[in-house]
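Following the hints, complete the assembly by docking chains L, R, D, A and F onto the known chain S.
Protein chains in written order, with my numbering: chain S, 18 to 190; chain L, 18 to 190; chain R, 18 to 190; chain D, 18 to 190; chain A, 18 to 190; chain F, 18 to 190.
The set of hints was computed from the structure by calculation and includes no laboratory data. Any given hint could turn out to be false.
Said to hold, decoys possible - Below, simulated DMTMM-like cross-link-like pairs (lysine to aspartate or glutamate); rule was C-alpha separation at most 20 Å, straight line:
| no. | chain 1 | residue 1 | chain 2 | residue 2 |
| --- | --- | --- | --- | --- |
| 1 | L | Lys107 | R | Asp95 |
| 2 | A | Lys83 | A | Asp179 |
| 3 | A | Lys20 | F | Asp173 |
6 protein chains.
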Amino acid sequence: MEKVCRGLYIGRFQPYHRGHSQVLQVIAEKVDEIIIGIGSAQQSHQTNNPFTAGERVLMVSQAVEKLNVKTYIIPIEDIHRNSLWVSHVKSLTPPFQVVYSNNPLVMELFCEAGIKVGGTPLFNREKYSGKRIRELMQTDKKWKDLVPKSVARVIDEIDGVDRLKHIAKTDDS
Amino acid sequence: MEKVCRGLYIGRFQPYHRGHSQVLQVIAEKVDEIIIGIGSAQQSHQTNNPFTAGERVLMVSQAVEKLNVKTYIIPIEDIHRNSLWVSHVKSLTPPFQVVYSNNPLVMELFCEAGIKVGGTPLFNREKYSGKRIRELMQTDKKWKDLVPKSVARVIDEIDGVDRLKHIAKTDDS
Amino acid sequence: MEKVCRGLYIGRFQPYHRGHSQVLQVIAEKVDEIIIGIGSAQQSHQTNNPFTAGERVLMVSQAVEKLNVKTYIIPIEDIHRNSLWVSHVKSLTPPFQVVYSNNPLVMELFCEAGIKVGGTPLFNREKYSGKRIRELMQTDKKWKDLVPKSVARVIDEIDGVDRLKHIAKTDDS
Amino acid sequence: MEKVCRGLYIGRFQPYHRGHSQVLQVIAEKVDEIIIGIGSAQQSHQTNNPFTAGERVLMVSQAVEKLNVKTYIIPIEDIHRNSLWVSHVKSLTPPFQVVYSNNPLVMELFCEAGIKVGGTPLFNREKYSGKRIRELMQTDKKWKDLVPKSVARVIDEIDGVDRLKHIAKTDDS
Amino acid sequence: MEKVCRGLYIGRFQPYHRGHSQVLQVIAEKVDEIIIGIGSAQQSHQTNNPFTAGERVLMVSQAVEKLNVKTYIIPIEDIHRNSLWVSHVKSLTPPFQVVYSNNPLVMELFCEAGIKVGGTPLFNREKYSGKRIRELMQTDKKWKDLVPKSVARVIDEIDGVDRLKHIAKTDDS
Amino acid sequence: MEKVCRGLYIGRFQPYHRGHSQVLQVIAEKVDEIIIGIGSAQQSHQTNNPFTAGERVLMVSQAVEKLNVKTYIIPIEDIHRNSLWVSHVKSLTPPFQVVYSNNPLVMELFCEAGIKVGGTPLFNREKYSGKRIRELMQTDKKWKDLVPKSVARVIDEIDGVDRLKHIAKTDDS
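Just chain S, same shape as in the assembly (with noise of 0.2 Å):
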């Protein structure tokens, strides 16, 4: 197991995007296995967080058969409490040694853990992003385009974007 090298891919996948998609490749390229978490697992039925963790988990493991390294794909509950998040990860996950993310908090703590964290490739922000990917479903435009097919035949069958457009006319009172 020591031989193998392992690295940890920590998305929310709201939904899972073509974006995702050029970051797990080269990351493929560098490790022999790839740990990919589902971040705030518990979360759903949110305009901002309208799948839930087993929906994401069918999404990403159809999205990631085409890689060839091995992949675990691993709902992770968020604990509210950052100084124990990495424990909470690690207790989760096959061992692994090095992080891949861009996010400022979760390399922080990382690294302030010892754990080796490697930045994410460059891949067109603008263009691929779940938050614009959810606003243009709410809007009837197209999406598609933007995810997998894998992915967006799994909306579809789970009716995900009359989900998203209903709970997104819920106001506060």
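Just chains L, R, D, A and F now, with coordinates in the frame of chain S:
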């Protein structure tokens, strides 16, 4: 029991007002028994949630005495996981056949769970709104006409307006 | 409201039985209104907690219809911190002046909080006991005489005895 | 997606053993894809739950590589509320049509939720049992024949037997 | 013990600054012993809560060494239920007779619980404010004069300013 | 700060007794400062955890006044996830270099986290044991010789023995 038709109506009731009464009167004509869920039960002493669950139980229970159907008044704590919320509500309440709500998230969640959702009748939302009543209270304006007399009495006896004014002074630092 | 004297009575009601009825009848002569707290509300589908809070609300609400005092039936989740438990109960219930209990921990906690505790009247505890009734159910013996008729009907309609027998087969591994 | 038949199999896998393999081989002939839920995911470093969820993900993922169906390996934390557990599991997993279990509580909960439950095939439970394997480990007896070779390797590499022996010395005071 | 008069003072101390020192000096003249509660103890690595409870214990304990009264420094996690918060604080601290606070919510909650609340003495809030100090740190401006020397040393040794700058780069997506 | 050597010692202190004093005296000769963690801080009013965290802070703080090293007394709530416990403790305490414990689980967890663990010196465990002292209290036998005088005084003033006797009468039903 199967023959009893129960309807569920959930609100935060911060505070209970005449708009709620109008809705309950209409529901009372459609079902045999009404379950009234007091949402965000764990919250209190906040500007948008000033009253405890117990105080709200008292308000609601006095206000619904005139309805000629049996009522159940059940505090329901937030669970912060939308995908578990329907099960949470069901575990705390007698069996029900229909949910009355105009809240899009509530409608979506019960709908996905295969439970019938009926819209609530319209009432004057500009006039009757918890938010508006709390603002009137904070600014020493007239609010008592907007709630049943028994509710105004409860709020007086717990010094509710004073509490609201005090906590409204809190700011972050 | 000050003039209304309310008493609190807390039980798990797994299930509600005739011993509970005897206690409530005595309390009903002493106070104007009774708050009935359904303890361990979050528990169900266990051999010592087979019924959900909602099912127990239904049992209790039907059984207390004959009492000629107003009742409030409030599910109360365990909080696993004894030092917070009295505040927890108070936040979920209308104000009360006296607690009726024979449970030493409950008595100690309310007593330390400066709240008056009255003992509950004696009844035949050998005969009327939730534990005994659950054992009778599991072993196909006669139990219906020990609970009010309306409670037996609720248990029948939710297939409560079958549920209890099924879950009792669970063992650890 | 509708056409894919998925089955769910949940265990604690403390550790994964050859009895689990036998069950999975039989399930693999009945469904297109298997979701393997790792129960009590939050537990570790206990005599009856020595391994972390991540360590168990590693054991299971290596052991199921020979199965010729797609697998999803999902850590599932305990939720301590039986009435929410089915929703909890469903929120973390891709959609499934059938659950394989011999655990009476699991069977009851999924059954009440209207989900099909298939019994798991019989295997030699005297011989293959997590409890027995943990006892063999603690007492320095032979246990490696009872688990797949890849699992024994994982346990060796994390010094699993030493961990188990150490924590077993804890007593209460 | 009855004769010892203890006062409670609660703050987040993100970070501890000279305004806090001024308050504590005044309180020290009024009571025999001071309990210093470190609020939001579970938070850290956030722009408005950069330091862990342990780091804040260290800051406070060094800063109060000059006070000539005994002090207790107690981390207090948020409980997210205002109606339980006073009991929560009381369960974690030695008995106290008076609370010093200018926070309206804290004052309201202790007041409703029948506990004496004393206002804290005025100090220059424009100058001494955790929020302002954190902003100075983030923008590389002078902040060390605003905190005791021992506190500046603690922050230097844990690389506190760097941590704050890193996590401040996080944005949502 | 780097030059200060701090040691951590964790106990439940139900109650603090002379065995603890002996251990702390030995540790005090080895380190510059001692952090005393009060474990299971959220527990109280139980036969094996009768005293609140705050009451135990009081006992410990009076007992350690004679030690000639600086002490930090920190309540530590249980977290029910062994794999996060070390991070939990570290987040609540000033930095430490060594842990003193004879508890096998505590030793294993800190050891796996790469933190130095020193055994605690032997003392007469037959004589000095929280469990034994609680039993002596319950049965009205002599216990005061087993704890420091200041601790006996604290227990007297909070009516600790009466509390213990009352709650010990609780049984399950």
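Against the earlier hints, flag every one the structure doesn't satisfy and list their numbers going up. 2
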